[in-house]
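Put the two chains together into one complex; each comes in its own frame, and the hints tell you how they fit.
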Amino acid sequence: MTTDAPSADKTILGWLLSSDVTGAVTWLGTILTVAGLGFTFYQAREASRAAKDAAKGATEAEQAVRRIEHQNTLADAAHISAQIELIIHLIGSQQYQSIQLLFGTIKRHITIMLVRSPPSDNQTETIRNNLKAAHLQILKSINEPHKFKPTILSKSLDGLSSTIIEWEQELKSSQQTGEHK
Amino acid sequence: MKSIDDLLGILRDLTYEDKLRWEDDDALTNSFQAELPKYHVRIFEWTDEDDGTSGLTAQLFTGNGFGNVVDSSTANQFSSRYPTLLEVYIAARRSARNVSETIESLEEELKKLKKK
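Same order as they appear, the protein sequences are chains A and B.
The numbers in the numbering used here rise by one with no breaks, and the one at position 94 of the first sequence is 94.
Here the numbering used here runs 181 ahead of the position in the second sequence, where the first position is 1.
Looking at chain B on its own, in the form it has when it is part of the complex (with noise of 0.2 Å):
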């Protein structure tokens, strides 16, 4: 049976190629969704306040609001599935905070700093 699992590898290269934007989520930290026409994905990290270790949740849905969820694969720090959980929090991330064009600003600062 197919699990959110088997997009993540999709979800991650799309990010890394642009097509798909990230946004930040209001209503959680840390937190980052994605609009697609039928769906939409979050993906989340989360801390276990017992003991200070954290993990990653992805989740997808149903139309726009976060009510009907289809799937959701969570994985702890030290599980062997947290590692692409890792690569796809980390491409959102990226995208939706623009580090792209975050990068090319500080360079072209960078540049200007050492002509100086």
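If we strip away everything but chain A, and leave its shape as in the complex, we get (with noise of 0.2 Å):
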């Protein structure tokens, strides 16, 4: 084993490389940097690869969050769409005080599902005029009968009705291409 100094005819480097000792450790270092390098890869790719799996989980729990909601807000449209149809039913039988306590819960529910599922800007924008017409003509049935107009209350029901239709055939559609808004 040599450990000489540097001579004048070799550079420093040279000597580095060339000399037993010093050529020994920077190649080890060289090496140990080269697979370190590799090892910082590999960990990257995997934590890469685990913040993918873990985007896609989350991506699929969503999926499957808005398919139950998807679910419950058809179920609700249908459940709604025969309340409106008691309702029109008691228009005729003059049970105001019935029709406003179903009303409320109609309503209600109605507003929750425009918030789960929307519809389009014109389903939505109907609904909710249609809900303040109804609203309106049911308040005016028990607190001002002189200014009721029942014709108005079942025009107002029958295009909330005709909308809320119209949405759950689109909800249908959706579901069965497998689209979720």
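Simulated from the structure, these hints should not be mistaken for lab results.
There are no misleading hints in this set.
Residues on chain B that point at chain A, a partial pick, calculated with CB under 7 Å:
{"no.": "1", "residue": "231"}
{"no.": "2", "residue": "232"}
{"no.": "3", "residue": "259"}
{"no.": "4", "residue": "260"}
{"no.": "5", "residue": "261"}
Where chain B lies over chain A, by a calculated footprint (3+ residues, C-beta under 8 Å):
{"no.": "6", "region": "142 to 152"}
{"no.": "7", "region": "160 to 169"}
Ideal placement from N, C-alpha and C gives every residue a C-beta, glycine not left out.
And the structure:
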């Protein structure tokens, strides 16, 4: 083993690389650096894969939640259509107190549905306008009977019912194609 | 099957782009018509006399007169189709009543008042 110091005809770099001690240390350092770099790349790749798996899992969970919300909105839409038909029937027998009770529940349900699975802007606007018009007429039927117009109540409930049926159909077709908003 | 409802968006857009001009329809109040080479379109507002509620009707005719209705679409104010018809109706009224020119003229008058 030679530990000779660098002579004048050798560069320091040359000595570092050629010397038995410093050369070995340098090569060992290089090997460790390359190995360390490889390990770092491996860790980065593993972290990236874990992040992708987590994101995929979150997306799948979100989709599952959306599917359930979609299903709930569909069930609610069918239930609400039946309740509206009942109210229209009650207008004929002038049972306005019962109408007021039923309408309060329907209005709450629809408001939740609009947030959960929003329909088109036109449908949302129509539903909100019809809810407002029907609510106003129901209040008049009890508090100001002389101003109450049963035809407006019927028309607004008809409009509400047909818009909810349209919405229900669109939800069904988007469920069949697997698209969820 | 296609219907006049499929044309409503195009009618609205062409009107706002000033490529389709509407005129007051003398046959009815609150009614406007637009002439095209082979067809013409009319849109009007109506009121139900029983309860005061309103609605809109759009009609498509062949030729010049109002005799040959090809298709029509009606919606009362409670229908989900009403907002789309209303957009066309408002565009038609603005076109027929030269609302752009009126607003520009009014803007000028207001600017003059502001300078005084």
